[in-house]
Amino acid sequence: MNVLIVDDEPQGRERLSRLLGELEGYTVLEPSATNGEEALALIESLKPDVVLLDIGMPGLDGLQVAARLCEREAPPAVVFCTGDDEYGAEAFKDSALSHVTKPFQAQALRDALRKAERPNRAQLAALTRPGSEGGGPRSHISARTRKGIELIPLPQVIYFIADHKYVTLRHETGEVLLDEPLKALEDEFGERFVRIHRNALVARERIERLQRTPLGHFQLYLKGLDGDALTVSRRHVAGVRKMMQTL
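Heads up: the sequence shown is residues 1 to 247, going by full-length UniProt numbering.
There may be inaccurate statements among the hints.
[Unchecked claim] In silico lysine-lysine, BS3-like type, Cα no more than 30 Å apart, as pairs:
hint: 1; residue 1: LYS165; residue 2: LYS147
hint: 2; residue 1: LYS102; residue 2: LYS183
hint: 3; residue 1: LYS93; residue 2: LYS147
To be clear, the hints were calculated from the coordinates, so they are not data collected in a lab.
All chains, full assembly: derive it from the sequences and hints.
What follows is the structure, encoded as structure tokens:
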């Protein structure tokens with residue numbers, strides 16, 4: 001079995017390569033990938049049987065790479081590599097998806113490789129489902145788009161805005177529509193997002209400044225919106241100001 005290692009940490013790649021060298025029947029493909037974009041390119045050119053895929057990478061993370069692989073005709077099997085303290089890692093423990101936990105151990109890696117299979121969209125979406133076992137909020141938001149299932153890491157979300165039946169999620173590289181109530185999103189992610197209007201939640205860490213217009217309205221400027229601002233309703237101004245004092 002040909003195995004491609006995908007990990008942004010050199011120590012992780014070296015450890016996996018060494019352990020695989022001790023297991024009979026596996027060949028480590030070179031070069032390894034250090035990020036999600038590299039992984040997709042190397043999977044295309046090297047055609048591995050199995051990919052050891054780190055979930056916590058900058059840029060495209062492991063779940064997003066796996067979602068892209070689901071769009072291919074013959075994707076490789078995947079073993080997800082997680083840290084015990086990694087955001088969202090708990091969900092893997094109750095999932096059918098093959099995974100191995102850092103620090104990597106030979107027996108655990110062997111078992112994960114035997115269990116490895118091609119992930120599907122339903123499995124990936126289940127990892128991000130509200131109220132999934134393991135507790136705590138999701139690490140990603142799943143949305144159905146023309147590509148299939150698109151997974152947006154929570155730290156990349158800038159705001160949620162409700163409009164009639166759907167909620168628009170704005171993230172670092174675009175927008176998707178969600179079929180989830182804004183109130184449910186607020187209940188789940190209240191520690192990371194603040195309500196600024198009856199129809200809007202914004203990421204606390206994205207807040208840049210609150211500004212009053214000549215007409216007396218309040219505008220909130222957010223990092224990542226290129227100068228665009230969102231309106232803060234009068235009833236939420238005091239709460240937003242108080243929250244900003246703690247940032």
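Item to check | Restraint check for LYS165 with LYS147, where alpha carbons must lie at most 30 Å apart | outcome: holds, 22 Å
Item to check | Restraint check for LYS93 with LYS147, where alpha carbons must lie at most 30 Å apart | outcome: holds, 27 Å
Checklist entry - Quick one, are LYS102 and LYS183 close enough, alpha carbons at most 30 Å? => result Violated: LYS102 and LYS183 sit about 36 Å apart, past 30 Å.
Hint violations for this structure: number 2 only, all remaining hints satisfied.
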